[in-house]
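Model the full assembly from the supplied sequences, consistent with the hints where possible.
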Amino acid sequence: RKEVEQDPGPFNVPEGATVAFNCTYSNSASQSFFWYRQDCRKEPKLLMSVYSSGNEDGRFTAQLNRASQYISLLIRDSKLSDSATYLCVVNIPTGNQFYFGTGTSLTVIP
Amino acid sequence: GAVVSQHPSWVICKSGTSVKIECRSLDFQATTMFWYRQFPKQSLMLMATSNEGSKATYEQGVEKDKFLINHASLTLSTLTVTSAHPEDSSFYICSASLRGTRFSTNTEAFFGQGTRLTVV
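Protein chains in written order, with my numbering: chain S, 1 to 110; chain Y, 1001 to 1120.
To be clear, the hints were calculated from the coordinates, so they are not data collected in a lab. For every residue, glycine included, the Cβ atom is placed at its ideal position computed from N, Cα and C. There's no promise every hint is true.
As the list claims (entries may be wrong) - Pairs of lysine to any residue residues, derived as SDA-like cross-links and limited to a Cα-Cα distance of at most 20 Å, are as follows:
hint	chain 1	residue 1	chain 2	residue 2
1	S	K2	Y	Y1058
2	S	K42	Y	S1005
3	S	K2	Y	E1059
4	S	K42	Y	G1061
5	Y	K1066	Y	L1046
6	S	K45	Y	K1066
7	S	K45	Y	K1041
8	S	K42	Y	L1117
9	Y	K1041	Y	S1005
10	S	K45	Y	H1007
11	Y	K1041	S	C40
Said to hold, decoys possible - So the derived label-pair ranges between C-beta atoms look like this:
hint	chain 1	residue 1	chain 2	residue 2	range
12	S	P110	Y	C1013	20 to 28 Å
13	S	A67	Y	K1066	27 to 35 Å
14	Y	E1087	S	E56	41 to 49 Å
15	S	D57	Y	Q1060	34 to 42 Å
16	Y	S1083	S	E56	46 to 54 Å
17	Y	S1083	S	N12	36 to 44 Å
18	Y	K1014	S	S53	47 to 55 Å
19	S	I109	Y	P1040	19 to 27 Å
20	S	C40	Y	C1013	17 to 25 Å
21	Y	H1007	S	D39	14 to 22 Å
22	Y	H1007	S	K45	17 to 25 Å
See below:
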């Protein structure tokens, strides 16, 4: 079983739409959670950390549900520049390992 | 902010030759660095964890004799792809965690720019 599972999409949405991504993780010892964004042929860049209480950064909202072991990312008012692959990342303290989901591809259409 | 620099950004080599990729943490000391490989339209796959001053820990299925990792200092880790073959062509990325450093109390990872390896 994969450490992190994520719907690969693709998600094609019109500008201004709201889109949500979900991700599940298998290891209950996971301690830190992140959403990274990766543009084509580039390295991943941190979009936001995910906290138990949920957190918001502008148009982006991240939520964590430890009981069900899933993480979500909500993007409101989608912009063309949001088109990218969004990676769900989980950190397991033992060995300080980072595990990545397969990434969800988002294309925002004019 | 923390910066991780990876070099070279791209390389083309002949089959059978070896390629060395460097990963440096420019403004912090990283006791642990990670090496990933990403094939087209696939996720990053952890290859190994590089520990300063000790042997790397390899993920299952990754040949340690083929992918040599050296972490000689707190700011430099190298990955050498030995006797490269076309199937080794991929995007290789290193990262370092800020855990335990003055930059962050969280454990976010910062990535090098990646190295696109093409073996012909």
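**Asked** Which of the numbered hints above does this structure break?
**Response** Hints 4, 6, 9, 12 and 13 are the ones this structure does not satisfy, whereas the remaining hints hold.
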